[in-house]
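J.: Residue numbers (the working numbering), protein chains in the order written: chain A, 123 to 355; chain B, 300 to 628.
If you're looking for bench data, these hints aren't it; they were derived computationally from the structure.
None of the values given here were measured: they were computed from a predicted structure.
Glycine included, every Cβ here is placed at the ideal spot set by N, Cα and C.
The reader is advised that the hints may include incorrect statements.
[Unchecked claim] In silico EDC-like cross-links for lysine to aspartate or glutamate, where the CA-CA straight-line distance does not exceed 16 Å: (1) Lys274(A) / Glu407(B); (2) Lys274(A) / Glu403(B); (3) Lys274(A) / Asp526(B).
[What the hints assert, rightly or not] To be clear about the criterion: a stretch of chain B counts as covered by chain A if any three or more of its residues have a C-beta under 8 Å from a C-beta of chain A, and this derived list gives those stretches: (4) 366 to 372; (5) 397 to 409.
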Amino acid sequence: MIDSNAPGFWPQLFDTLLKATGETLYQVGVTMLITLILGLALGTLLVVTDRGGILERPFGSIVAGRIINAVTQTVVNLGRSIPFIILMIALIPFTRLLLGSAFGVTAAIVPLTVAAIPFYARIVEISLREVNEGLVEAGHSLGATRWQLVLKVIIPEAVPGLIRGFTTTVVSIVNYSAIVGAIGGGGLGDVAIRYGHQRYSVIHIVAVIIVLVAIVQIVQVVGARLANRMSHR
Amino acid sequence: MITLSSVTKTFGDAANPVRALDDVSLSVASGEIFGVIGQSGAGKSTLIRTVNLLERPDSGTVTVADRELTALSDRELLQARREIGMVFQQFNLLDSRTVRGNVELALEIVGVERRQRTARTNEILELVGLEHKAQQYPAQLSGGQKQRVGIARALASRPRVLLSDEATSALDPETTDSILQLLRSLNKELGLTILLITHEMDVVKSVCDSAALMSGGRILEHGRLVDLLSQPGSQLARGLFPLGELPEGTSTVIDVTFVGLSSERPVVAQLARTHHLDVGLLGAAMETIGGAQSGRTRLELPGTIEQHTAAIDDLRAQGLVVEIVRSGR
Ligand SMILES: Nc1ncnc2c1ncn2[C@@H]1O[C@H](COP(=O)(O)OP(=O)(O)O)[C@@H](O)[C@H]1O
Ligand SMILES: [Mg+2]
Chain A
123 MIDSNAPGFW PQLFDTLLKA TGETLYQVGV TMLITLILGL ALGTLLVVTD RGGILERPFG
183 SIVAGRIINA VTQTVVNLGR SIPFIILMIA LIPFTRLLLG SAFGVTAAIV PLTVAAIPFY
243 ARIVEISLRE VNEGLVEAGH SLGATRWQLV LKVIIPEAVP GLIRGFTTTV VSIVNYSAIV
303 GAIGGGGLGD VAIRYGHQRY SVIHIVAVII VLVAIVQIVQ VVGARLANRM SHR
Chain B
300 MITLSSVTKT FGDAANPVRA LDDVSLSVAS GEIFGVIGQS GAGKSTLIRT VNLLERPDSG
360 TVTVADRELT ALSDRELLQA RREIGMVFQQ FNLLDSRTVR GNVELALEIV GVERRQRTAR
420 TNEILELVGL EHKAQQYPAQ LSGGQKQRVG IARALASRPR VLLSDEATSA LDPETTDSIL
480 QLLRSLNKEL GLTILLITHE MDVVKSVCDS AALMSGGRIL EHGRLVDLLS QPGSQLARGL
540 FPLGELPEGT STVIDVTFVG LSSERPVVAQ LARTHHLDVG LLGAAMETIG GAQSGRTRLE
600 LPGTIEQHTA AIDDLRAQGL VVEIVRSGR
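Construct all of the structure, not just a fragment, from the sequences and the given hints.
T.: Have a look at this one:
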């Protein structure tokens, strides 16, 4: 039991929280940066290689298109269907291979990213599918290449949806980053477990909750504002 | 300028084939406005989409500006499409871009560098009367303004051909008129060849030089409007001059069509004078069609068969087109 009346309790709490918040933001930030790129790429691949998509026949072969699409679908489904806590454990050997260590603040980025990419890829897929088919047709009529269609028509038109989906993904990853704390991933989850659970400090638990809620709120408000600003409908 | 030759397109599977285009051949001359009219499902959109190969025909050839598109490689086809503009019923503008941005998209795709893009965009926006809306987003525009942006985008890279798929069908009658006038003036000023699709005879009547009637994936008749008018039995001509239902009875009824100068002639008075027939006027319509004053009157002829024959022969001898709608006893 920690005595909250002990001298230095509050400054110590503050320092602990500050450090843990920094770790969480770092993990989530790096994860989301990688996810933005790879999730966008994977989600786009899902849409363009689908039947009737603009890359239905990569290299002129419909078989290649079907295979790429099926593999991508499987990867995304697999990533989506494994519970995070199991994914995290299953990835320990892989993380060790990649970074030399399976535990720690940075090492936790690996399972977080592996969970976030399929999550975001699916949202990207949905957002891109909502782009009006007529716009793609207009692009074709202007003689756009496939790259131009993706980069100048489909993705720009989906931006508000992509931002909202990104916000949702960030919130999930903040959530997962707390779980990572349980296996030595640091961050706010680590504080909750070490002080709150093992040493029964309610104040620590409450403080962690407040910080997490604040992060999620800020992410959601900023995301919604940005999405609205980018939407000109 | 545009030639379709024996073009066929079937949708669906072997069990339930839909013949959207059934051996369609069509020729659009350079500098004319050609209208394809038909009811919903006739295959009009499929037809126009084969012209820039948005829809690849199962068989037949498509030639635009002396280039056979059906024989081109994918890369060459992109190039060819850049020389064919297209406008759509639902405008298909990017919500994410301003009016200026939408027009510039066409130029970015072609690879025009920034400064020239700006200059060309200013020029084309002025041409369609939207220079003051350049910074607005499509959502802030009326339907007619959106279609002007669509036209500006389609023409930005200076194509010689414009395809229009029901471009005015989502617009109210006044806006429709203003868009049609714009198309007409672009046709005149730029020498633009326009192929347009519509289900409204008024559109054909007000801007087209030539037209085709489409039904069930086939072209039933086509030609210059002035020629169609003097073609007995032409459904298009009947559509251009709707004279209503036939009256009850067994009297002889004829339609007399005048094209050009002959519309000035007092036919009814002349029939009365020369043939002593007390002609009944059942209906009449006057239009400027394909640039020429044209008219059609529906007359009821009293008297004997012999009198009718003589009167009809006389009218035909004067170069009028006479169609016997009902042969009386
Ligand atoms: N992509 C498609 N898949 C299946 N059937 C189609 C497709 N496009 C058009 N059709 C069918 O082809 C016929 C002609 O359609 P369309 O060219 O759109 O006619 P219109 O424009 O004259 O209304 C219709 O029966 C329509 O259902
Ligand atoms: Mg149609």
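J.: Which hint numbers does the structure go against, in order from smallest to largest?
T.: 3, 4
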